[in-house]
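Asks: Sequence:
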Amino acid sequence: MSDTASISQPLKNVLQGLSDQQPVPLLPPVSMFAGRTVTEAELVEFVWSADPNDGGLIQLRLALAKWDASAELTVRDDADSSTEPSTPERRRAVVRELGLSDSTESKLAELIPIHVGGEIVISKTFEPWYDKVRRTRSTLYWDDYEKYLTEVKRWPATLIAGLDRSTTSVVERLTDPTRSEVKSTKGLVVGYVQSGKTANFTGVAAKAIDAGYRLVIIMTGTIEILRSQTQRRIDMELMGVENVLAGQDASDPAVARNLDYQQDEEWLAGNFVRHSEEALDQPGAARIRRVTTHKHDYKNLPQGLSQLRYDRVDKSKPLNDPVNLNHVDAYVVVVKKNSSPLKKLIGDLKPIQSGLAELPALIIDDESDLASVNTKDPKKSAERTAINKLIREVMEVVPRAQYVGYTATPFANVFIDPDDDSDLFPSDFVLSLPRPAGYMGVQEFHDVDIDWDLQPRTVKTSNELAFIRAIKGDPATDPGNQKKELAAALDSWVLSGAIKKYREKNSGRVFRHHTMLIHESVKNAAHEETADIVRELWSTGRFGASAGLTRLEALFDTDYHPVMRARAGEEPVPPSFDVLKGYIGEALAEMTSGGADPVLIVNSDNSVQEQQEALDFDSGKVWRVLVGGAKLSRGFTVEGLTISFFRRKAGQADTLMQAGRWFGFRAGYTDLVRLYIRRDDKVDLYEAFEALLLDEESFRDELTKYVGVDEDGRPIVEPRQIPPLVSQHLPWLKPSARTKMFNAVVQARSSVGTFHQLSSVPPRNERRKHALNLSGALIPMLRNATTAVDLPYVDSSTGKPSSQPALVGIIDGSKFLALFETMAWHPEYLDVVNPLKKWITAATEDGRIQDWAVIWPQSRTNTDAAFVELEELGVRAPVWKRKRRDGQRIDFTGENKRNILAAEAVPRGEEAGGLGRSQTRGALVISLVDDREVTETSPTRGDITGLLSLRAPDKAVRSKRGLIQYGVLVKAKEGDVSVKKVDGPAT
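When we follow our numbering, the leftmost residue of the sequence shown carries the number 4, and every step to the right adds one.
Worth flagging that the hints you see were computed from the coordinates, not collected in a lab. One thing to keep in mind: the hints can contain errors.
Straight-line distance between alpha carbons at most 20 Å, and here's what the computed EDC-like set of lysine to aspartate or glutamate pairs gives [unchecked claim]:
no., residue 1, residue 2
1, Lys353, Asp314
2, Lys526, Asp477
3, Lys685, Asp314
4, Lys803, Asp456
5, Lys318, Glu184
6, Lys15, Asp54
7, Lys150, Asp57
8, Lys302, Glu396
9, Lys110, Glu48
10, Lys886, Asp683
11, Lys127, Glu75
12, Lys685, Glu939
13, Lys708, Asp698
14, Lys298, Glu245
15, Lys135, Asp83
16, Lys463, Asp452
17, Lys624, Glu92
18, Lys685, Asp889
19, Lys486, Glu539
20, Lys110, Glu92
21, Lys772, Glu939
22, Lys110, Glu100
23, Lys958, Glu907
24, Lys156, Glu642
25, Lys708, Glu939
26, Lys840, Asp894
27, Lys487, Glu532
28, Lys772, Glu831
29, Lys487, Asp477
30, Lys127, Glu184
31, Lys886, Glu907
32, Lys624, Glu507
33, Lys803, Asp450
34, Lys900, Asp452
35, Lys347, Glu227
36, Lys15, Asp147
Taking the hints into account, I'd like the entire structure generated from these sequences.
Replies: Below is the structure:
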């Protein structure tokens, strides 16, 4: 072993203990563990030469990531100022505390980049308890989970540090399990579709059990295959081998026959977490009792006996007193959101009687927008939907129960609909998880904010060209075309499977799963018809014969090979189809290992159960074509999903739910993924998904502005104020309850730090209002824009400098307000415009806003816009193509990104061409658009709609509290989420 290699284990040992506290000089303890003096030069050489999976290097990455991201850590910079998380100043201060030089810090930053980004938390003020008790109570389950993610799953250190921070943000907002008074907490965690929410709630459960929670109920979706998938994850990553065996001898044949995982490859390979019997016997470390298994949901015992037992060591003290809590087992239940198992669970809880009032419990509701929300109209019935009623009953039976919902859809009813009388409304906190590294989401399938004037559109630069394949063949009206499109998708599945086999041989990767998902309808009969077509295509495809190979070679040459060359990164790429040809047989063998064809229909619980073995991603390989079915639309992870064929037109929420199947982690084959999606004259599902998913991104950005506390330590926004913020930010979202409205109302709101794109103008047919907006407000504003300039900006998609031609000028703040006041808006948009107008008025009156820069973007080429003569200005004005949103949306698509970027210098108080600089100057971007549904001919003045975007000067907000001000409709119910509808203004 080289001298530098001998540093690895000592470094790992030191950092395992050091990373959870203040950094201290590193080399002395490393030298002590190494038994010799370790120099800084040796440490640097080790870091640069070590294998990426070396334990010491992994621990160094993990420690630096934790120190980078910690909000509790106090380290000071050269000026003796405290440093902020995720900043270069923080990293430099940490490395200095470790006793290392600036030269080493720069080398570490190159190899181990600074951890940036984190969760967004909107929360009530809470009682701090967890940070203190984490140092005094057991950390067994979290420590072993963190070790498992590091050594078995090989998660990057930055991801583990982020998971540590986000799970702490959840657990610290729960109630201390030893608290004498009963206090229930309700919260919501918002992740991305298929992005690792299970890992987050596994970490929350681990930390909760360590802290003293002794009942954890994890509610999954509504089908058994999802419940069993979640059970296995919990068993493998949290429970561990010792708790799964529960003292039984796994080598005993009688025991082995009844084990859940005797055929599981991961169990046999030793990849389930281990805690050790000695660690579980330590005071305060609870053993976990499994009352559900991989194969069986919750079952109650006969004659009123309970599987749940909590025996107090000291009967004179309550169960949640540390004396008792440290000596009782924890129970973990993984249960479907079906009435039968939930009723059985409640029936087994009730015999505990008095102990229930003292039992610290945690309810984790996965897919919390599915089944959990009461959807009955309270005006018609006092009854509640079954699952909602049962969840409420659990919380009533166990009054110390804490409720945390998990969802990937922040617009779900549980998030925006107050009609549930706040029973499951996340009244204490809402936490939005960051987008994880390596995740394929909307940005990877759509071309978001890319300016094609600045770069060519190719498979390298355009996600749409690389991954999206349009389909138009309707099964009812054009079955021939439907069959051709299914055949093309099936060819892609076979070809991409062969490429995976090539990569296995040439990279060391193993692709256990390779799947294709077909979703055309919710009707079972349609699934049968589609499956029959696919089976026929499979049997006649002749993939290994001359005809099939000719098709696959054409697909390789025209589609897969160009995309791989552009996007494969370090993954091996077959140089030619001839090289790949030999792997097609291997792929076909995997695909037919379960029968003559690879097709599975998944559209009911019965069919899922019958095909459980074929669909069990945990126990073995799955190379299948799945035809569904809402049953695979929520929560259940379709592993290895490479080809998606999606035609079904659906309602908005359901569409969003389905969209997520092709999002997720695709390590080693991101360039092979294809989405065949309906894009015809009637429906463009690709565009519909982009609009919905961008709304989610926009909403997360909106929450970011209001994170944290103001100068007085009060939350800027509390969870009960999120619903009106959502409906104000996206006015087309409305409460579904006819009898309720949000009690909180936005009274005044700034636009600091971002442009308000005020694109919800009157409906298209109200041309008189559009004409008055143009002649009475926008043209008078544009009269001030007389100086031609090129405004510089940096393109956000390429990072390259560019410029936008514009006419610019200055308008007095009071004159702008007078014109702004005359403008007409969509009636449902007034709740957005009026608070903004109120804030701008106040800021103008007290001098924080003195004037506005009018920025009128001009044509770059004279061919990128139409032109209309504006006689009042004596100019030919550019008229842009912009579309109104579909469905219930009331707005246009967003302003061209380059126009916004080019205007940003003004409100920041920076120098802007022809405008000078001012800390009291805002920016107005005005565009004229063609508001016709069909725009094949040249527009006239009567076709024009004017759109306005504005951003106030950044210095106009004097405090965080000034960002947004709320009022309430009913003062006596100030803390309530919703109230009965009332008339009159907010008070």
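Asks: Now tell me if each hint is right for this structure.
Replies: We went through each hint and held it up to the structure:
At most 20 Å may separate the alpha-carbon atoms for a hinted pair to count; Lys353 and Asp314 meet this at roughly 15 Å. Proximity of Lys526 to Asp477 is assessed by CA-CA distance (about 15 Å); at most 20 Å being required, the pair is judged to hold. Under the criterion of a C-alpha separation no larger than 20 Å, the hint pairing Lys685 with Asp314 is inconsistent with the structure, at around 64 Å. A distance of roughly 12 Å separates the Cα atoms of Lys803 and Asp456; the hinted pair therefore holds under the 20 Å criterion.
A threshold of 20 Å between alpha carbons decides the hint, and for Lys318 with Glu184 the separation of about 19 Å falls inside it, so the pair holds. The hinted pair formed by Lys15 and Asp54 meets the criterion: a straight-line CA distance of about 14 Å does not exceed 20 Å. At roughly 14 Å between alpha-carbon atoms, Lys150 and Asp57 fall within 20 Å of each other, so this suggested pair holds. Taken as a hint, the Lys302 and Glu396 pair is honoured in the structure, with Cα atoms around 18 Å apart against an allowance of 20 Å.
Between Lys110 and Glu48, the direct Cα distance comes to roughly 10 Å. Compliance with the 20 Å bound is thereby established for this hinted pair. With a C-alpha separation of about 17 Å, the suggested pairing of Lys886 with Asp683 holds against the 20 Å cut-off. A distance of roughly 19 Å separates the Cα atoms of Lys127 and Glu75; the hinted pair therefore holds under the 20 Å criterion. With a C-alpha separation of about 18 Å, the suggested pair Lys685 and Glu939 falls inside the 20 Å cut-off, and the hint holds.
A distance of roughly 16 Å separates the Cα atoms of Lys708 and Asp698; the hinted pair therefore holds under the 20 Å criterion. With a C-alpha separation of about 19 Å, the suggested pair Lys298 and Glu245 falls inside the 20 Å cut-off, and the hint holds. Taking the CA atoms of Lys135 and Asp83, the gap is near 26 Å; set against the 20 Å cutoff, the hint is violated. Proximity of Lys463 to Asp452 is assessed by CA-CA distance (about 16 Å); at most 20 Å being required, the pair is judged to hold.
Restraint check: the Cα-Cα separation between Lys624 and Glu92 comes to about 47 Å, which exceeds 20 Å; the hinted pair is violated. Between Lys685 and Asp889 the alpha-carbon distance is near 12 Å, which keeps this suggested pair within the 20 Å criterion. Our distance criterion of 20 Å between C-alpha atoms is met by Lys486 and Glu539, whose separation comes to about 10 Å. With a CA separation close to 15 Å, the supplied pair Lys110 and Glu92 stays within the 20 Å bound.
A threshold of 20 Å between alpha carbons decides the hint, and for Lys772 with Glu939 the separation of about 24 Å lies outside it, so the pair is violated. For the hint linking Lys110 to Glu100, the alpha-carbon distance of about 16 Å falls within 20 Å, and the restraint holds. Taking the CA atoms of Lys958 and Glu907, the gap is near 13 Å; set against the 20 Å cutoff, the hint holds. Taking the CA atoms of Lys156 and Glu642, the gap is near 16 Å; set against the 20 Å cutoff, the hint holds.
Between Lys708 and Glu939 the CA atoms are separated by roughly 41 Å; this puts the pair beyond 20 Å, and the hint is violated. Simply put, Lys840 and Asp894 have alpha-carbon atoms about 19 Å apart, close enough for the 20 Å limit, and the pair holds. For the hint linking Lys487 to Glu532, the alpha-carbon distance of about 15 Å falls within 20 Å, and the restraint holds. Distance hint between Lys772 and Glu831 is fulfilled; the C-alpha atoms sit about 15 Å from each other, no more than 20 Å.
The suggested pairing of Lys487 with Asp477 holds, with an alpha-carbon distance near 11 Å, which does not exceed 20 Å. Between Lys127 and Glu184, the direct Cα distance comes to roughly 19 Å. Compliance with the 20 Å bound is thereby established for this hinted pair. The suggested pairing of Lys886 with Glu907 is violated, with an alpha-carbon distance near 24 Å, which exceeds 20 Å. For the given pair, Lys624 sits about 14 Å from Glu507 by alpha-carbon distance, which is consistent with the 20 Å threshold.
Distance check on the hinted pair: Lys803 and Asp450 sit about 17 Å apart at the alpha-carbon level, within 20 Å; holds. Distance hint between Lys900 and Asp452 is fulfilled; the C-alpha atoms sit about 6 Å from each other, no more than 20 Å. In summary, the hint linking Lys347 to Glu227 is supported, as the alpha carbons are separated by about 16 Å, within the 20 Å threshold. Using a Cα cut-off of 20 Å, the hinted pair Lys15 and Asp147 holds, with the two alpha carbons roughly 15 Å apart.
Against the hints set out earlier in the document, violations occur for numbers 3, 15, 17, 21, 25 and 31.
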